[in-house]
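Student: The primary structure of each chain is shown beneath.
There are 2 protein chains.
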Amino acid sequence: MAEAVPVDGYDGDDAMVADVFARDCSSRRIVENIAGKWGMLALAALHESSYRFNALRRRVDGVSEKMLAQTLQGLERDGLVRRDVQTTIPPHVEYSLTPFGERVASTIVELIGLVQAEVDANRR
Amino acid sequence: MAEAVPVDGYDGDDAMVADVFARDCSSRRIVENIAGKWGMLALAALHESSYRFNALRRRVDGVSEKMLAQTLQGLERDGLVRRDVQTTIPPHVEYSLTPFGERVASTIVELIGLVQAEVDANRR
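The listed protein sequences correspond, in order, to chains W and V. If you count by our numbering, then the first sequence holds residues 1 to 124, one letter each, in order. If you count by our numbering, then the second sequence holds residues 1 to 124, one letter each, in order.
Since the hints were derived computationally from the structure, they do not count as laboratory data. Don't take every hint at face value.
A pair counts as met if it fits within one copy or between any two copies, since identical chains are not told apart.
Straight-line C-alpha distance at most 25 Å; calculated SDA-like pairs for lysine to any residue [to be verified]:
#1 66 - 116
#2 66 - 32
#3 66 - 55
#4 66 - 123
#5 66 - 36
#6 66 - 89
#7 66 - 22
#8 66 - 21
#9 66 - 113
#10 66 - 19
#11 66 - 90
#12 66 - 47
#13 66 - 114
#14 66 - 121
#15 66 - 84
#16 66 - 29
#17 66 - 124
#18 66 - 120
#19 66 - 110
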């Protein structure tokens, strides 16, 4: 009989079900990275188009170079963002969404739309 | 001729359009509050049912009392969460989503579902 393999600190029957509410689940770590305000804004911007680093930094008003670099690294590691280096002189580095990143960014754009609509409605 | 009223530091034609990418827009402040990991997890939990404070704290594994209280205060101020006090002895305080909160929480639950599906797929 196959034994359940512990995943992310879980064992037994629960092992194969991602549970975002559990602090040790890897889905929770990914959601935390997406969640940070810079993660959400970077994903929403990349949903518009791919960006080079400095253009993305201008789009996401107020983000520091360091925070944006950290954010993009996390999103790349989690499989949401792709980093393409073109071997020109100087090299161009372009950031874009993976298919998984596109799916996540679509829900973020929807969320942002709901908030903007609410803010606009409350101003009237 | 009516003069454009500055809103949130903006003036002119852009005044009435919420822009989440602009650091001074109130939609950005609200998205930042939703975005924090505790905000997202609290909204996702409240999408399941209303909760009393301590039950919500147990559901959102790892949140401190202080962080959850701050998170709920922010979400209440932004119109996503309703706080109902029942005048029993001892008083019951119950947290639930407003209609705006329900709409936002639905997109968060969708986002979490995408991440959990991706995590589960990568384990196979």
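Student: Checking residue 66 and residue 110: alpha-carbon separation at most 25 Å within a copy, between copies, both or neither?
Tutor: So residue 66 and residue 110 fail the 25 Å test inside a copy (27 Å) and across (30 Å) alike.
Student: Within a copy, between copies, both or neither: which one fits residue 66 and residue 124 at a CA-CA cutoff of 25 Å?
Tutor: Intra 38 Å, inter 35 Å, cutoff 25 Å: neither.
Student: Quick one: residue 66 to residue 21, C-alpha cut-off 25 Å, is that within a copy, between copies, both, or neither?
Tutor: between (29 Å within a copy, 18 Å between copies)
Student: Can you give me the call for residue 66 and residue 113, within, between, both or neither, at a CA distance of at most 25 Å?
Tutor: neither (28 Å within a copy, 30 Å between copies)
Student: Evaluate residue 66 and residue 123 at a C-alpha cut-off of 25 Å and name the case that applies: within, between, both or neither.
Tutor: The answer is neither: 35 Å in one copy and 32 Å across copies each exceed 25 Å.
Student: Please work out whether the CA atoms of residue 66 and residue 19 approach to 25 Å or closer within one copy, between two copies, in both situations, or in neither?
Tutor: For residue 66 and residue 19, the Cα distance is within 25 Å only across copies (23 Å; inside one copy 31 Å).
Student: Cα distance capped at 25 Å. Does residue 66 pair with residue 114 within a copy, between copies, both, or neither?
Tutor: neither (29 Å within a copy, 28 Å between copies)
Student: Treating 25 Å as the Cα threshold, decide for residue 66 and residue 29: within, between, both or neither.
Tutor: For residue 66 and residue 29, both the intra-copy (20 Å) and inter-copy (21 Å) Cα distances are at most 25 Å.
Student: Between copies, within a copy, both or neither: which fits residue 66 and residue 89 at Cα up to 25 Å?
Tutor: So residue 66 and residue 89 pass the 25 Å test inside one copy only (24 Å; across, 51 Å).
Student: Taking 25 Å as the upper bound on the Cα-Cα distance, should residue 66 and residue 84 be classified as within, between, both, or neither?
Tutor: Intra 19 Å, inter 42 Å, cutoff 25 Å: intra-copy only.
Student: Is the C-alpha distance from residue 66 to residue 116 at most 25 Å within one copy, between copies, in both cases, or in neither?
Tutor: So residue 66 and residue 116 fail the 25 Å test inside a copy (28 Å) and across (29 Å) alike.
Student: Using 25 Å as the alpha carbon limit, work out where residue 66 and residue 120 are close: within a copy, between copies, both or neither.
Tutor: Neither, since 32 Å and 31 Å both go past 25 Å.
This entry does not satisfy hints 1, 4, 9, 13, 14, 17, 18, 19, going by the numbered hints stated previously.
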